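Position one of the sequence shown corresponds to residue 614 (the numbering used here), numbered consecutively onward.
Simulated from the structure, these hints should not be mistaken for lab results. Remember, it's a predicted structure, so these values are computed and weren't measured experimentally. The beta carbon of each residue, even a glycine, is placed where N, CA and C say it ideally should be. There's no promise every hint is true.
What the hints assert, rightly or not - Here are the simulated DSBU-like cross-link-like pairs (lysine-lysine), alpha carbons at most 30 angstroms apart as the crow flies:
hint, residue 1, residue 2
1, K949, K935
2, K965, K949
3, K935, K861
4, K861, K949
To be verified - Between beta-carbon pairs, the in silico distance windows are:
hint, residue 1, residue 2, range
5, E793, E948, 51 to 61 angstroms
6, D723, G633, 17 to 27 angstroms
7, E979, V1015, 39 to 49 angstroms
8, P631, E692, 29 to 39 angstroms
9, S632, D755, 38 to 48 angstroms
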Amino acid sequence: MKALRDVALPPHSIVEEPSGLVLLAVQRRGVPLFHCRLSVPAGAGEDPRAKAGLAQFTADLLRRGTKRRDAHGVDELIEGMGASLLIDVSMDEAALSLTVPADLSQRALDALLEVALEPAYAEEEVAAARRRALSALQSDLDEPSAVAARATIRLGYGPAHPYGHPVHGYRREVETFGREDCLAFHATRFRPRGALLAVVGDSPPSGLLDVARERLAQVRWASEARPTPLDFLELPREPGLRALVLHKPDSTQAQLRIVSPGIPRSSPRFFEAVVANTALGGGFTSLLVDAIRVDRGLSYSVSTRLAMNRQSGLSLFSSFTKNETLHELVDVALEKMGGYAESGPSEDALDKARTYLAGLFPLGLESHEALAEQISDSLLDGVGLEHLVSYRSRIGAVTASVVCRVAPCSTARAARAASMTRGPLA
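Please work from the sequences and hints to get the whole structure.
Written out as structure tokens, the structure is:
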């Protein structure tokens, strides 16, 4: 494969404030927009014991009123700028973001910081949010793919691991959420140390930093209290394959998930693992798609993916089929993954995977939102900006000799569990 050019990041500046907050300013010339994104260490991995889902619940309520205005007032504040407030909760962080016309940069920052740092958590809003969350969790029980996905997380990480529960939690625990839970979680997790504020606009980085600092000067963070450090247990590698069958009598199809320990995003094997996964089942022309969909017609949807979090990760296989062909799907998936683990991909498959990944990557850096997210995550995950700059050349340098030693190929060797949601049992 011919050498690939590295990516040139736009002008940027990174500064750590005395409070511990990291400021990131990125200049995106020629586009009259301003984007701001605040990432805080308030992900689902921080959920207290017996309070799974609290991080998501607490974040969802941020748009439902602040100390200055009610939920309707927050909507008017955001919509008055022609913007949409996005809130995302992963295992490692909660992130809030806004994109507005460039001349509204100060208003956007003020709005973002108010919503993120001054929540009211009114009793009536907490009660309404709890009802909505419980209703959504109940609805998930009617969706076989959701049932399988939730079971797979617990099987893959184990119940004692900080990542070992669904982001939205469990009904029995969400039922206990109250205003005091939200206030306590927000006070200890929405803090400057470990947080990152990214701003992207047409101005030079120094000017963007000045705007951010000016608005931050008006902000009072909740506290510097810190929660108990998380205990990231090593994921056990059990001999053999453990199967969990979830009986759903009304289901006409069977969902299959196969999971094994994976890697964190900061792993030195990151690039080899991404290429290996793409050739195995991460691309539309991959080995498993050909074997399961094209050659046998067992399923329309077949995929593998690497769930890479900051501290650990999982390697996942996902598909579905008719109840009658579930056993065949399991056999084919394990057989093909086992063979892949021994021999790796063909040179043609490897070249297709590298070309696909290298070609797709620059598209993920084109927008203000993508730049802020990609650079922020690289800093917070500890991989640095070189991870982005050299992504294409390092993908292109992956060879077949190293592919079968990384996470996606280990699924057949070290599979921890398979979860199957199926209809009537024969």
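Going through the hints against the structure:
1. K949 to K935: Holds, at roughly 20 angstroms.
2. K965 to K949: Holds: K965 and K949 sit about 19 angstroms apart, inside 30 angstroms.
3. K935 to K861: holds (13 angstroms)
4. K861 to K949: Since the Cα atoms of K861 and K949 sit roughly 28 angstroms apart, the hinted pair holds (cutoff 30 angstroms).
5. E793 to E948: 51 to 61 angstroms: Given about 53 angstroms between the Cβ atoms, the range holds.
6. D723 to G633: 17 to 27 angstroms: For D723 and G633 the Cβ distance comes to about 22 angstroms; the hint holds.
7. E979 to V1015: 39 to 49 angstroms: violated (30 angstroms)
8. P631 to E692: 29 to 39 angstroms: holds (35 angstroms)
9. S632 to D755: 38 to 48 angstroms: holds (46 angstroms)
Checked against the numbered hints given earlier, the structure breaks only hint 7 and satisfies all the rest.
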